[in-house]
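Protein chains: 4
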Amino acid sequence: MSAGIIKGETGTQRLLGYVLDVGRGDGRARCRLRLTDDHTNRHGAVHGGIVASVLDNALGATASLSVDDTGMAPFLTVSMTVNFLAPAYAGDVLDAVGLLRGGGRSTVFVEGEVRAGETLIATATGVFKRVPQERVR
Amino acid sequence: MSAGIIKGETGTQRLLGYVLDVGRGDGRARCRLRLTDDHTNRHGAVHGGIVASVLDNALGATASLSVDDTGMAPFLTVSMTVNFLAPAYAGDVLDAVGLLRGGGRSTVFVEGEVRAGETLIATATGVFKRVPQERVR
Amino acid sequence: MSAGIIKGETGTQRLLGYVLDVGRGDGRARCRLRLTDDHTNRHGAVHGGIVASVLDNALGATASLSVDDTGMAPFLTVSMTVNFLAPAYAGDVLDAVGLLRGGGRSTVFVEGEVRAGETLIATATGVFKRVPQERVR
Amino acid sequence: MSAGIIKGETGTQRLLGYVLDVGRGDGRARCRLRLTDDHTNRHGAVHGGIVASVLDNALGATASLSVDDTGMAPFLTVSMTVNFLAPAYAGDVLDAVGLLRGGGRSTVFVEGEVRAGETLIATATGVFKRVPQERVR
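As they're listed, the protein sequences go chains Z, G, R and D. Start counting the first sequence at 1; every next residue gets the next number (the numbering used here). Start counting the second sequence at 1; every next residue gets the next number (the numbering used here). Start counting the third sequence at 1; every next residue gets the next number (the numbering used here). Start counting the fourth sequence at 1; every next residue gets the next number (the numbering used here).
Any given hint could be a false lead.
One copy or any two copies: either way a pair holds, since identical chains are not told apart in the list.
Quick list of in silico lysine to any residue cross-link-like pairs, SDA-like style, CA-CA up to 25 Å [said to hold, decoys possible]:
no., residue 1, residue 2
1, K7, R42
2, K7, G103
3, K7, R105
4, K7, G102
5, K7, G104
6, K7, H43
7, K7, G25
8, K7, D37
9, K7, T36
10, K7, E113
For the record, the hints were derived by calculation from the structure and aren't laboratory data. Values in this document were obtained by computation on a predicted structure and should not be read as measured data.
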């Protein structure tokens with residue numbers, strides 16, 4: 001596995017099948033998911049919760065990259081807003097990416113977007129909070 | 001299967017394992033998910049995307065109930081904001097419920113919350129748009 | 001001036017003309033504004049920023065009431081989402097109210113709504129952060 | 001007054017004192033406000049509602065620019081999320097700008113930010129809806 005590529009780390013990651021990339025060196029984490037029939041809703045399009053999942057990963061790991069370049073510093077999602085611009089379908093590959101906009105020691109603001117090829121599927125903004133070190137195992 | 005209980009309808013529903021209940025007759029859809037290790041994040045707590053998924057289901061189906069009591073009228077999520085108040089863990093049962101707050105023919109506003117027992121895990125507000133009938137297959 | 005009624009405290013309050021009520025004893029702050037032509041937009045309806053202002057006041061002061069019943073403990077708005085359900089007009093009286101949903105020592109989650117009479121004008125959810133005491137004058 | 005510069009158009013604009021600029025030809029509307037003591041909160045910083053007001057203007061007028069370059073096509077704010085990154089103070093000049101991200105005939109998605117000089121004060125995302133022509137006077 002290449003440096004900075006995280007696969008199968010958590011239960012949710014194994015279930016949904018996405019790949020997390022924190023190794024590009026630009027402070028932005030990426031999350032990729034190849035859509036299958038496992039990710040669709042009633043309309044045959046990708047489920048909004050799946051879109052939110054890849055965005056939460058990309059934005060949360062971007063928050064972690066504000067601490068160090070392992071992308072593993074623990075952060076919790078405080079609040080996230082997702083705007084859904086266009087549908088995606090089984091066979092599409094979703095690419096989500098985060099961008100740090102500001103914040104301080106404990107609370108950071110991250111935005112991001114997810115595309116399927118050239119098509120902008122969704123945008124998001126979120127507030128993330130660093131897990132106090134005494135609470136980390 | 002009881003009236004109003006929807007199981008295994010979509011790929012995402014089968015993958016995540018939630019149950020949708022649109023049959024209580026109070027205009028509010030509910031979504032239940034028993035958390036397992038398949039739904040956890042790096043912290044061993046439920047993944048934010050899983051929480052967003054059950055909320056998206058509960059709120060979207062509540063939007064559908066504004067049309068008729070089948071809860072099947074097609075709506076798309078336009079925008080959703082989720083606030084994360086407390087963690088939940090494998091073994092917990094998440095119960096999400098929606099509440100219609102307003103809107104018109106095509107755009108409706110829905111809020112909701114998800115609990116694990118008595119604990120409030122997350123709240124959400126969303127904008128949902130009715131799929132024009134000519135676009136429904 | 002009655003206990004818990006705050007008028008003309010800040011520049012913005014004097015400019016916009018709202019009244020803040022933190023004295024009902026139920027942990028919920030209220031903000032009232034009688035709309036005039038000073039508060040309207042291009043459509044002759046209340047400007048979205050004015051609606052956001054009374055909501056920010058009601059939610060922020062509700063955050064303060066989580067500390068003590070003066071409603072003066074300093075909190076900053078971290079993030080706020082406003083959903084606009086219906087217009088209001090000059091002559092209407094806006095009544096905004098907040099409700100604490102959760103949180104801890106430093107970060108709290110508040111929701112709220114604003115009505116003009118019986119009509120629900122807007123709803124909001126927000127994240128508020130307590131200003132550390134060493135930073136308060 | 002220069003082409004595309006809108007001053008004193010509405011009651012709220014005259015009360016708050018901002019200037020709207022829809023004439024740069026890049027599809028992005030701008031809203032400028034010189035902060036005075038009339039715009040401050042308890043902390044002596046700019047009130048969150050004032051920040052939301054200039055963002056609502058910049059984003060809403062950017063929505064209008066998606067129709068034609070007058071920036072006057074009527075749109076309503078459906079939902080807006082504002083993240084507050086840093087304070088600004090009396091004497092600062094707020095500059096808000098919008099950016100169209102997507103949407104269709106009736107519903108558009110716009111994001112934006114507000115700066116005071118180089119400092120990023122707040123970011124926003126919003127959903128805006130075109131007012132049907134039959135409803136415009």
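How the hints compare with the structure:
Proximity of K7 to R42 under the C-alpha cut-off of 25 Å is restricted to the inter-copy arrangement: shortest distance 12 Å between copies versus 28 Å within a copy. For a Cα distance limit of 25 Å, the shortest separation of K7 from G103 qualifies neither inside one copy, at 28 Å, nor across copies, at 32 Å. Taking identical chains as interchangeable, the C-alpha atoms of K7 and R105 are never at most 25 Å apart, the minima being 28 Å within one chain and 35 Å between chains. For the homomeric pair K7 and G102, neither the shortest alpha-carbon distance inside one copy (28 Å) nor that between copies (32 Å) is at most 25 Å.
In this assembly of identical chains, the alpha carbons of K7 and G104 never lie at most 25 Å apart, being 29 Å within a copy and 33 Å across copies at closest. For the identical chains of this complex, K7 and H43 are inter-copy neighbours only, at 16 Å across copies versus 29 Å inside a copy, given an alpha-carbon limit of 25 Å. Proximity of K7 and G25 under a CA criterion of 25 Å is satisfied intra-copy only: 18 Å inside one chain copy versus 43 Å between copies. Both within a single protomer and between protomers do K7 and D37 lie at most 25 Å apart by alpha-carbon distance, with minima of 20 Å and 16 Å respectively.
Both within a single protomer and between protomers do K7 and T36 lie at most 25 Å apart by alpha-carbon distance, with minima of 18 Å and 19 Å respectively. Only within a single protomer do K7 and E113 lie at most 25 Å apart by alpha-carbon distance; the minimum there is 21 Å, versus 31 Å between protomers.
Consistency with the previously given hints fails for numbers 2, 3, 4 and 5, ordered from lowest to highest.
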